[in-house]
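Chain by chain, the residues:
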Amino acid sequence: MIDLLMPTIAQGLLWAIMALGVYITYRVLDIADLTVEGSFPLGAAVAASLLAGGYSPWLAFGAAMLAGMLAGVATGLLHTKLKIPALLAGILTMIALYSVNLRVMGKANLSLLRVDTVFSIMRDIGGFSNAQAVLCVGIVSSLLIGGLIYWFFGTEIGAAIRATGFNPQMIRAQGVDTNFTIILGLLISNALVALSGALVAQNNGFADVGMGTGTIVIGLASVIIGEVLFGTRSFKNCIISVVLGSIVYRLVIAAVLQMGMPPNDLKLFTAILVAFALSLPLIKSKLGLRKAVK
Amino acid sequence: MLRVENICKTFFAGTINEKKALQGLSLHLKPGDFVTVIGGNGAGKSTLMNSIAGVFPIDSGKIIIDGNDITKTPEHKRAKYIGRVFQDPMMGTAAGMMIEENLAIAARRGKTPGLKWGLDSDNQTWFSELLQELDLGLENRMTAKVGLLSGGQRQALTLLMATLIKPKLLLLDEHTAALDPKTAAKVLALTERIVNRDHLTTLMITHNMRDALRCGNRLIMLHNGRVIIDVEGEEKSRLTIPDLLKMFEQASGDMLDSDRLLLS
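As they're listed, the protein sequences go chains A and B.
For the first sequence, UniProt numbering assigns the number 1 to the initial residue and increments by one for each residue that follows.
For the second sequence, UniProt numbering assigns the number 1 to the initial residue and increments by one for each residue that follows.
Pulled out of the complex, with its shape left as it was, chain B reads as follows (with noise of 0.2 angstroms):
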């Protein structure tokens, strides 16, 4: 579903705060992939999934998705194939619309939008359904606009947004890091409701080794701007903390440095 090849990207090239942040880095993602991905300080999380996304280009390599070659397509030409949750709550929705407006927008993902009206009123009960699913009580608020709403509340939103048209690709960079521990499990809970009734090929960073060892069939770490671990299936489901920092110090040599790993 996704073929990364042989990836590079730096930063502030030729300057003294070069940043060497993707060194070659290849992964390949079979549909219905969840993999969870984790790694520490600038070992180019953020960097991999900002090239998928298009945010930048990269120096050298190759991003597939589905069979087509994205990688010199533009940002806004990859969100037909590709759905994004940020760590950021505010990054996700426009604060000054509707719900239903920001909904609306999201069910047209990746079309050109045209003169019709913005707001249809065949997919209000689709919308309302889903909020209903979240559980939040959002369906009753469905005129309200989006700034109202706590962080918890719009990372869900955008998780709704990011799936209501099923991307071939879903993006997760951090996406429960900013929110307090219960609305973090709660919307995590909910990724992995989504992901896994839709079978989402689905690429999460998270800083929580916990969340990665338990979420999803497949985990990789980074390191230096290349995959340093990458466990699936069985192997991955009897995995526990200690023997990833094992396999961390194996593989790279190094200590795991990032406390904020280590501690959460």
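Chain A on its own, in the form it takes in the complex (with noise of 0.2 angstroms):
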């Protein structure tokens, strides 16, 4: 039970990067950006090719967030300056990242078995354990990029940021600029997702074209667990919220599977969990409807 609890905790860890990114459009934004069912495997494609050229996992992170960024700002600007609706502007960008994460790694997926990557070498150097390693590089990134991102909200590009989320007509009236906030923060989402990307892929030892699916569904899965679980009173809280809800989700998916779900039903599984964790809010009222009328 220990042996399995470790890596799933560690695993919610390298995942919840990518659900603090899809927090930032979903909630900051006010978006529900799909670009990340292609940044995420952008990410892990522009990693592996580079960490199996024999570069340094450093060079391979700093090359998914840049990538990420850029996925980012191509859905900014197809939203922003072409007018398109965000959620389509997010699809265009999925599908064309597609072809770009085919192209990146040259093959549909790419094998990271025989190559150093950054928990190998804490393995080698450090004298680490496998899961320890992630475990180590988990907590790492999480507080890391967690403290970053509280940082740079209190920040006044960041409250602006967070106040175009909530009203893009007041902002305006106030000076900034809507349209450079929201490719911002789209591009920093996407970083993240991008960076989660290379984490997971050097985790699972392999870069694969269809690692995606469901990215978006898993993220949003993560904020609302860890929203309607460990709660939302400040921005700090929803921060640590959001990735505990994902170390939750990780949690819920080993359980189901050691119960003897079929892994080909976990997508089916983890979109039910999604519609009824949406629907909580309207549950939760219409059953204190009822009980105010009794």
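Derived by calculation from the structure, the hints in this document are not laboratory data.
Heads up, some of the hints might be wrong.
[Unchecked claim] Subject to a maximum C-alpha distance of 16 angstroms in a straight line, what follows is the list of computed EDC-like cross-link-like pairs (lysine to aspartate or glutamate):
(1) K186/B to D120/B
(2) K116/B to E156/A
(3) K19/B to D69/B
(4) K111/B to E156/A
Need the complex rebuilt from these two chains, each delivered in its own frame; the hints are there to steer you.
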């Protein structure tokens, strides 16, 4: 049981970086950004290609984030300059990225088995076990990224991005270009999603062009589970909730697999879980109403 | 201070819904002018406001503020000169952010935001004093989210935000229309206090003729996208509602069609 617990939590932490990216678009900017379905494998593809070419994991992470930023900017430009609805803009970038990812890797699947990854290096040099290495990287990156997000969204620019999500009219009247804040938000979000993709690919030992399917749903599941279980009192609270939500999501998945659910049904299960979580406010108010009547 | 020259704006041009909202409207505001704007439905009041604020581009004409031609300047860049309060109390503030965060954003109006921490502790006392003047108890709720405030409180806060950095021009677009009469009177009194204290050049749309006559030093009435009545000073202060109605009929050759304007 413990053997299973540690890698599951570690996995949750690696995916939490993606969930934080989804939080930035879905909750802060109030945009459901489907770009993540493409930028997650993009980060994996870029990192895997560089690692397979013998480059250092640091460079791989940097390049993956840069690629994710470009993907976010592409969606941002489609949405703000060409006035394409955000949802559709994200879908367009996502589809385009499928081809881009194939080009980056040269094929549909790139193995990292005999390649130095951040985890294998920690194993070889630091003497960590694989599970310890993943947990370590997961904790450090979640703390670092979570801290950076907290700092950034407390700055003047960060406040302007948050205000854009709440009320674009208001922040324009205060002199901020909302096209700029939307593009910047999408850029940051997709950089994080790509970074998460790069981490997950190294943990899985491969990058696959299809590994992005369902990214948005997993991200939403983490955000909503986190919010429901751990609260949304302050911005700091929200960030912590999202990270914990990602861990809980992985624990739930591990539990249902352990109980014998076929892995092929996983995405169906996740979709139902998210649909249920998204309808919680309605269910709650209905229940509250019934109680009030009684 | 504000010079609007011969501006035109047509919505849905070339379609069956074509609406000529502004038809060569000109207006010149001197520094410190407090102008109330009235007019029937579709007279062009809001279109005038939104044209000045830059919500949409105008078809022709010129808009100049304090010597700067802003006709082609995007909305967010005009914020440097213009403070705005909207009809909808929800429009002027970010509901999910704290009162002090909203004020901090307003304190940077027209400046490019940087990577400094958004909340400046030096500003706290300043904000607190200003909130105290509102007399709504908000100074003790600086960290409360704005979404928790009532419509009147939010509108008072928006007014404070619009005037925190003294604007060259204050635009008030029926900013008391969505409030209950008592709250509306309070917000209007606050408006007069701030405008008079800071000698703000102000353009205030109102649907209330009494308010239009009582407030400010000048009154204009719009009809079919033009200014048809423009009175100021002595002449304005002697004006009554029946006078105004007579003037309207003479100027437009029409009866006033707005029930809202007449009944309020």
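Now for the hints, and whether the structure bears them out:
1. K186/B to D120/B: Not OK: K186/B and D120/B at ~30 angstroms, beyond 16 angstroms, violated.
2. K116/B to E156/A: Holds: K116/B and E156/A sit about 6 angstroms apart, inside 16 angstroms.
3. K19/B to D69/B: 26 angstroms, violated
4. K111/B to E156/A: 10 angstroms, holds
Of the numbered hints stated above, those contradicted by the structure are hints 1 and 3, listed in ascending order.
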